[in-house]
Amino acid sequence: MSHHEPTYLPHEHEEPDPWHQHTPEEGLPQEEHAAHANTRVLLGVFIFMVVFLVVSVTVTVIYFNRHIIHLRQANLETTELAAQQLEYQSRSFNDLEQYAWQDPQEGIVRIPVSKAMEKVVQRYQQQQEGTPGDG
1 MSHHEPTYLP
11 HEHEEPDPWH
21 QHTPEEGLPQ
31 EEHAAHANTR
41 VLLGVFIFMV
51 VFLVVSVTVT
61 VIYFNRHIIH
71 LRQANLETTE
81 LAAQQLEYQS
91 RSFNDLEQYA
101 WQDPQEGIVR
111 IPVSKAMEKV
121 VQRYQQQQEG
131 TPGDG
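In the numbering used here, the protein residues as written are 1 to 135.
Hints are supplied without guarantee of correctness; some may be wrong.
Claimed, not checked - Once the Cα atoms are required to be at most 20 angstroms apart in a straight line, the calculated SDA-like pairs of lysine to any residue come out as:
1) K119 with Q105
2) K119 with S90
3) K115 with Q102
4) K115 with D103
5) K115 with Q98
6) K119 with R91
Claimed, not checked - Listed next, with one range per pair, are the computed distances between beta-carbon atoms:
7) P6 with I47: 51 to 57 angstroms
8) I108 with R72: 39 to 45 angstroms
9) Y8 with M49: 47 to 53 angstroms
10) G130 with Q89: 37 to 43 angstroms
11) M49 with H11: 57 to 63 angstroms
No lab work stands behind these hints, which were simulated from the structure alone.
Backbone N, C-alpha and C define an ideal beta-carbon position, used for all residues, glycine too.
My request is simple: use the sequences and hints to build the entire structure.
Structural data, given as structure tokens:
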């Protein structure tokens, strides 16, 4: 490895543009923005934000709890769920006892459960007797 002396580029100073040049008519330069922070105002804003956050969270939790309690009361202390379940059960039993298309494109038909059970029993009886079933 060779050792080289470090080289530095010369620093070139640019002439300031007109915005950086001030005239005596402008008066003294302005003070730096936010150079001096008012700690009392910052503390007040911080306290306000914390209080606002605590109040917002508390109100949200109270609202949520009351809403959930209301829903639980409506579902548990009434017959609303039972009525929904009975309606679903009634529709399901009606579907089991009616003829309907299961898949019209494939030609699959749904038959009542009682008829299906009779066909299964007949098929097993025919298999035991040794006669071919009707499918």
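Hint check:
1. K119 with Q105: Not satisfied, since the Cα-Cα distance of roughly 24 angstroms exceeds 20 angstroms.
2. K119 with S90: 25 angstroms, violated
3. K115 with Q102: Given that 20 angstroms is the threshold and the Cα spacing comes to 16 angstroms, the pair holds.
4. K115 with D103: 19 angstroms, holds
5. K115 with Q98: 10 angstroms, holds
6. K119 with R91: 24 angstroms, violated
7. P6 with I47: 51 to 57 angstroms: Check passed, 55 angstroms falls within 51 to 57 angstroms.
8. I108 with R72: 39 to 45 angstroms: Check passed, 43 angstroms falls within 39 to 45 angstroms.
9. Y8 with M49: 47 to 53 angstroms: 50 angstroms, holds
10. G130 with Q89: 37 to 43 angstroms: For G130 and Q89 the Cβ distance comes to about 42 angstroms; the hint holds.
11. M49 with H11: 57 to 63 angstroms: For H11 against M49, whose Cβ atoms are near 46 angstroms apart, the range 57 to 63 angstroms is violated.
Checked against the numbered hints given earlier, the structure breaks hints 1, 2, 6 and 11 and satisfies all the rest.
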